[in-house]
Amino acid sequence: MTATEFLTQLDAALFGLSKEERESALEYYREYFADAGENADSAAESLGSPQSVAERIIAEADGTAEPGLSAGMPRTGTGSDGTTYTDPYTGATYTSASYSEPYAGTSYTDPYTEMPYSAPAKSGPDAAHIITLIVVLFVTLPLWITVYSLWLTLIVTLISIIISFAAGGITGPITGIIQLASGSMGNGLFLLGSGMVCIGLALLLWKPFWLLCKASTIGLFRLSKKIIYGLLGRNES
Amino acid sequence: MLFPISAALLDAMVLSLVNREETYGYKITQDMQSAATVSESTLYPVLRRLQKNGALETFDRAYMGRNRRYYRITDLGVAMLRQYRIDWEQHKAQVDGILKEEQKAQTEGVLKEEQA
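Those protein sequence lines, which keep their order, are chains A and B. Residue numbers for the first sequence follow our numbering, beginning at 1 and rising by one. Residue numbers for the second sequence follow our numbering, beginning at 1 and rising by one.
Heads up, a few of these hints could be off.
[Unchecked claim] Keeping only pairs whose Cα atoms sit at most 27 angstroms apart, straight-line, the calculated DSSO-like set for lysine-lysine is:
| # | chain 1 | residue 1 | chain 2 | residue 2 |
| --- | --- | --- | --- | --- |
| 1 | A | Lys-225 | A | Lys-19 |
| 2 | B | Lys-52 | B | Lys-27 |
| 3 | B | Lys-112 | A | Lys-225 |
| 4 | A | Lys-226 | A | Lys-214 |
| 5 | A | Lys-225 | A | Lys-214 |
| 6 | A | Lys-19 | B | Lys-27 |
| 7 | B | Lys-112 | A | Lys-19 |
| 8 | B | Lys-100 | B | Lys-112 |
| 9 | B | Lys-52 | A | Lys-226 |
| 10 | A | Lys-19 | A | Lys-226 |
Since the hints were derived computationally from the structure, they do not count as laboratory data.
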C-alpha cells in the first residue's frame with residue numbers, strides 16, 4: 001500500500017470521529033510520511049492496515065480504550081515512602097512519597113515541586129451543552145418537524161403506490177376472469193390486461209422504492225445524529 | 001515480542017524522549033524502534049492522549065517549506081515522568097528480586113555441592 005492509499009483509507013475509516021480529531025490524526029500521518037521521505041510507502045506498509053490504525057485512534061478518542069490504556073488511570077506510588085531515588089537520566093535526587101493522581105478533571109499538588117496542577121476536564125456533554133441542545137431544538141421546531149413530515153410523507157406515498165398496484169394486480173385479473181366467464185369479452189380482456197400491467201409495475205417499482213425509503217431514512221437519521229452530537233460539543237473536545 | 005510494553009511504560013518512554021528534546025512524530029517513532037517491540041501505529045494515540053492530559057503540548061515549526069508539528073513536555077508531564085521513573089525503578093527491583101534470587105540460590109547450591 002502506498003502512503004497516499006493509506007491516507008485515503010484512514011480518512012474513510014475515521015468516519016464518525018469529530019472533524020478536529022480526524023484532522024489531527026490525518027495531519028499526523030501526512031507529516032509522518034513527509035518525514036519518511038522516499039521511504040514513505042514502506043513506512044505506510046509497516047503501519048499495518050489503516051482500519052486497525054483507525055480503530056485505535058477511535059478507541060482513544062472515545063475514551064473507550066481498554067482499561068490498561070485509559071487516560072484517567074489513578075496511579076498510586078506504593079512502598080516508596082521516604083526512600084531516596086536518583087534519577088538515572090538527570091542525576092537529580094528525589095525523595096518520594098506515595099500519592100495518587102487521578103489526572104482527569106481534577107487538580108493536584110505535585111509532591112516534588114509543590115506546584116498545583118489542574119488536568120483538563122474530561123470531555124463529554126455537560127449541562128450547558130444539553131441546555132443549548134434543548135433550546136436549539138425548540139427554536140428550530142418548525143424546521144425539523146417539516147423535514148420529518150416530508151420524510152414520513154415520502155415513505156407513506158411510496159408504500160401506498162406499491163400497495164395500490166399490488167391490489168390492482170390481484171383484483172384486475174380476478175374480476176376479468178369473472179367477466180369473461182359471464183360472457184362479456186370486452187370488459188373481461190380489458191380488466192385482465194390492466195391487472196397484468198399493475199403486477200408488472202408493482203414488481204418493477206418495488207426495488208427502487210425500497211432503496212429510496214432506506215436511503216432517505218438512513219440519511220435523515222445520520223444527519224440528525226451529527227447535528228445533535230455537534231450541539232453536544234463532541235466536536236469541541 | 002518477548003516482553004510486551006504496557007500502556008503506562010509506553011507513556012513513560014514517550015515522555016522521556018520528549019523530555020530530552022523538542023521532537024516530532026516520525027523521530028519519536030524512529031527512536032522508539034530501538035525498544036524494537038513497539039508497534040509504529042500505537043504511537044499517535046499515545047501522543048494524542050498525553051497531549052489531551054496536558055502532559056505534552058504541540059507547536060508548529062516551518063521545515064522545508066511545510067509545517068512540522070513538534071511536541072514539548074509540560075510541567076505536568078515532567079512530574080508524571082518523574083513518578084513513572086520511580087515506579088519503574090521499583091518494578092525493576094521487584095522483578096530482579098525474583099529473577100536474581102533464583103540465580104543466587106543456584107550458585108549457592110553449586111558451591112555447597114563443590115564443598116561436599
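Earlier hints that do not hold, by number: Those not satisfied are hints 3, 7.
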